[in-house]
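Residue numbers (this note's numbering), protein chains in the order written: chain V, 1 to 185; chain W, 186 to 370.
Certain hints may be false.
Calculated cross-link-like contacts (lysine-lysine; reagent style DSSO-like; alpha-carbon spacing at most 27 Å) [to be verified]:
1) V/Lys9 to W/Lys260
2) V/Lys170 to W/Lys260
3) V/Lys5 to W/Lys194
4) W/Lys260 to V/Lys5
The following label-pair restraints were derived from C-beta to C-beta distances [what the hints assert, rightly or not]:
5) V/Glu141 to W/Ala288: 45 to 53 Å
6) V/Glu141 to W/Gln266: 30 to 38 Å
7) V/Pro86 to W/Leu318: 32 to 40 Å
Keep in mind the hints are simulated off the structure, nothing from the lab.
The beta carbon of each residue, even a glycine, is placed where N, CA and C say it ideally should be.
Number of protein chains: 2
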Amino acid sequence: MEITKLTPKQRRGLVVVLTGYGKGKTTSAMGMVLRAVGHGMRVCVIQFMKGDLYTGEWDGVKLLGDQVELHVTGKGFCGIQGNPFPHAEHRRNAQDAIDLALAKMKSNRFDLLVLDEINNAVHLRLVDSDQVLTLLAQRPERLHLVLTGRDAHDDVVAQADTVSRVDEIKHAYRRDIEPQPGIDY
Amino acid sequence: MEITKLTPKQRRGLVVVLTGYGKGKTTSAMGMVLRAVGHGMRVCVIQFMKGDLYTGEWDGVKLLGDQVELHVTGKGFCGIQGNPFPHAEHRRNAQDAIDLALAKMKSNRFDLLVLDEINNAVHLRLVDSDQVLTLLAQRPERLHLVLTGRDAHDDVVAQADTVSRVDEIKHAYRRDIEPQPGIDY
């Protein structure tokens, strides 16, 4: 079978927001990483509020070679029961991550920049929504920008090209099934 | 920073359904492929109704090495304007894909099996919902099974562990922005 390759008349970067409370936001961003790399694109992923809890994509992206950079930042979910770090420390981490995002964006070395859990970081006041809007305003025209996390800010949604809300219809953990590798992390 | 690796007391396969009309179902499944491979798992992806239209994940998964098998089946979206193939031919293709899925499942060589667009194939009567239920019933206990596509069948949703519905809040194509590589395909 002959393969048909689409080529858009106009190449442009898209701003994609993945929000909502269901499973499939970070995972979807990782799918776009895989897809973009398939197109030969260079990708930078910055994960906000991630902490030290291992997740399979950290090793997965290594297999994609030096087309992909992944930066894990933060000290776990702010405000979640048992998280011992003060808000100021979470905010400092998130602010560093924003600086990193700006630097990566300005480097012009990437075709896709993923800011994982940034919506949540805004919601928790670790990042100001204006900082995200500034980032969007400074985005190079051909850079794809993917923003994930629940509770996406309305002003960010307003600026995005494509926005999906992922709702939970059901989730295994509600039946006390432990998180499973490969699916949940 | 030291990394904490969760290990569930009980390892079990999950049935995950990704449905709805928004962007992020196939992409999310691809994210789970990347994550699973990071855990050293073996993955099989079978894409239904895919046709000949190139998408970046076809080359992306090649970079993940022989941990991942990807099978593209079908002749494009059945019932979509301009698709020249009769329903019977779409159905024959989808039935072959179901046979392939059963064979891959029974081979016990995989930790994750993705049946991409199968929900849609059921909705379009290329596959019977009973065939999917049979597949679920025969699933090895530790195999993760991910089923994507709009209009997931209620009986399949009832059998699943985790179900997300991805809704479109907005999509670039509604503003006549062409599909862009790395994001849309």
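**Item:** Which numbered hints fail
**Value:** Violated hints: 2, 3 and 7; rest satisfied.
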